[in-house]
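For the sequence shown, the tail end lands on 114 under the working numbering, and the numbers increase by one without skipping.
Just so you know, the hints here were simulated from the structure itself, not pulled from any lab data. One should not assume that every hint holds.
Unchecked claim - Here are the simulated distance ranges between beta carbons: (1) Tyr-101 to Lys-57: 49 to 57 Å; (2) Ser-59 to Arg-95: 44 to 52 Å; (3) Asn-48 to Arg-95: 25 to 33 Å; (4) Val-96 to Cys-41: 20 to 28 Å; (5) Gly-108 to Thr-34: 31 to 39 Å.
Ideal Cβ placement from N, Cα and C applies to all residues, glycine included.
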Amino acid sequence: MGSSNLSPPRYYTMVGIFMALMVEFFVICNTSEVADDCSNLLMINGIKHSSWEKASNQTRRYLCVMLRRVQRPNHLSFNEGMIILSRLLFLRVVRVAYSFVNCMGSRSVGK
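Based on the sequences and whatever the hints tell you, model everything.
Given below as structure tokens:
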């Protein structure tokens, strides 16, 4: 069943739903990216301006541990880190969706 067999309202509804899902997925991935950037920057700035040089050795060790933790990405993830929500994941999903649409389009043209 190609897109030419669908009535215009049904076709536009399907395209609209697909676009809404992609926009929603982008918002989630972008929010994960922004939250990672903001939380890391806030933590680094807080540690920089905390007068750490006047702190005890134990506190300095804790601050070093915190600095190591904020140097790693801290994105939203699912399945114990198997799926990490980021802009890169969004681009991969868009590529797969585009490839799928092209594949289905070439299949319907060939028939």
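Here's how the hints hold up against the structure:
no. : hint                          : in the structure
1   : Tyr-101 to Lys-57: 49 to 57 Å : holds (56 Å)
2   : Ser-59 to Arg-95: 44 to 52 Å  : holds (47 Å)
3   : Asn-48 to Arg-95: 25 to 33 Å  : holds (32 Å)
4   : Val-96 to Cys-41: 20 to 28 Å  : holds (24 Å)
5   : Gly-108 to Thr-34: 31 to 39 Å : holds (32 Å)
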